[in-house]
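Trainee: Can you build the whole structure from these sequences, using the hints too?
Chain order of the listed sequences is A and B.
The opening residue of the first sequence carries number 1 in my numbering; numbering runs sequentially from there.
The opening residue of the second sequence carries number 1 in my numbering; numbering runs sequentially from there.
Don't read these hints as lab results, they were simulated from the structure.
Each pair of labels, with its calculated beta carbon distance range:
#1 Phe-45/B / Glu-40/A: 16 to 26 angstroms
#2 Glu-158/A / Leu-9/B: 52 to 62 angstroms
#3 Glu-40/A / Leu-42/B: 23 to 33 angstroms
#4 Lys-16/B / Gly-67/A: 38 to 48 angstroms
#5 Leu-19/A / Ala-3/B: 16 to 26 angstroms
#6 Phe-45/B / Asp-65/A: 21 to 31 angstroms
#7 Asp-61/A / Leu-9/B: 38 to 48 angstroms
Non-contacting residues of chain A with respect to chain B, defined by C-beta distances greater than 12 angstroms in every case (computed):
#8 Arg-54
#9 Gly-56
#10 Asp-61
#11 Ala-62
#12 Pro-64
#13 Gln-68
#14 Arg-70
#15 Arg-79
#16 Gly-81
#17 Phe-84
#18 Thr-148
#19 Leu-205
#20 Ser-208
#21 Gln-213
#22 Val-222
Computed footprint of chain A on chain B; a stretch qualifies when at least three of its residues, placed anywhere within it, have a C-beta under 8 angstroms from a C-beta of chain A:
#23 30 to 37
#24 40 to 47
For glycine and all other residues, C-beta sits at the position ideal for the given N, C-alpha and C.
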Amino acid sequence: MIRRLVGGLGELLITAGVLVLLFVAWQLWWTDVVADRNQEQIVQALSEDFLNGRDGTVGSDAFPDLGQDRAFAIIRVPRFGVDFARPVIEGTGRPVLALGVGHYDGTAEPGAVGNFAVAGHRTTYGKPFHTIETLRAGDRVIVETKPTVFVYEVTSHEIVRPWQTEVIAPVPDEPGTAPTERLLTMTSCHPKYSATYRYVTHGRLVKSIPRAQWRLADWSTVKG
Amino acid sequence: MYAALWRVLPGPVWAKAVQCLVLVVLVVAVLFQWVFPAVADLVPFNDNTVG
Numbered sequence: 001m002i003r004r005l006v007g008g009l010g011e012l013l014i015t016a017g018v019l020v021l022l023f024v025a026w027q028l029w030w031t032d033v034v035a036d037r038n039q040e041q042i043v044q045a046l047s048e049d050f051l052n053g054r055d056g057t058v059g060s061d062a063f064p065d066l067g068q069d070r071a072f073a074i075i076r077v078p079r080f081g082v083d084f085a086r087p088v089i090e091g092t093g094r095p096v097l098a099l100g101v102g103h104y105d106g107t108a109e110p111g112a113v114g115n116f117a118v119a120g121h122r123t124t125y126g127k128p129f130h131t132i133e134t135l136r137a138g139d140r141v142i143v144e145t146k147p148t149v150f151v152y153e154v155t156s157h158e159i160v161r162p163w164q165t166e167v168i169a170p171v172p173d174e175p176g177t178a179p180t181e182r183l184l185t186m187t188s189c190h191p192k193y194s195a196t197y198r199y200v201t202h203g204r205l206v207k208s209i210p211r212a213q214w215r216l217a218d219w220s221t222v223k224g
Numbered sequence: 001m002y003a004a005l006w007r008v009l010p011g012p013v014w015a016k017a018v019q020c021l022v023l024v025v026l027v028v029a030v031l032f033q034w035v036f037p038a039v040a041d042l043v044p045f046n047d048n049t050v051g
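Mentor: Right, dumping it as structure tokens:
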């Protein structure tokens, strides 16, 4: 009787251990596999729409997982790789961030006066901002929309606590101040595999290029 | 628990092994597709937004 009880308990414990390991494998590996595939498909759909589509956005009609959310831009960061391209989607909810980079509600549109603020995963779910700490002042961040492509230049970074929303204010760290510049802010978690802090990178617009004159090859170097 | 499962499965050893494998694949599929995504919403280390 005791033997069977102890044996059964042992099996349960081993099962629990295997389940935890499986969860880690799912989180650290499988979410990347799925997210990389999805994000690539959305970028692909956006690129096609930018060239000969309708309104320059991609929604659930083309990609059911998007649900109510719409992808409307492609973000390219040469420092993260020549081919690095991820979709930018309205909102920063969990489902959005699994499908790309999220645009904070209420922050400026790409290229507009104010702060175009986006969030992306540092680890897991395709980890678009995995190497955000490698960005240096002067590095290019390209935000491609249908009518216009916006080239930003990294200016600075800071590490803050998660509740410090002033980093995405129209003038970063000066909430309440009216903006005059066209800025960019990228947020991600920090350190890697933790959510204790946020790694925040700021940039400013250096060039707006109409779609007709846009050639990626001219802008694919890390710095201007 | 697993010994009982092994006894219940019909057929020779190789058939039992194949059935076990199928069961494992099924369980992992259900976990990856539905259970783990639900659990992941409850753990905080994936947050990367401010606010």
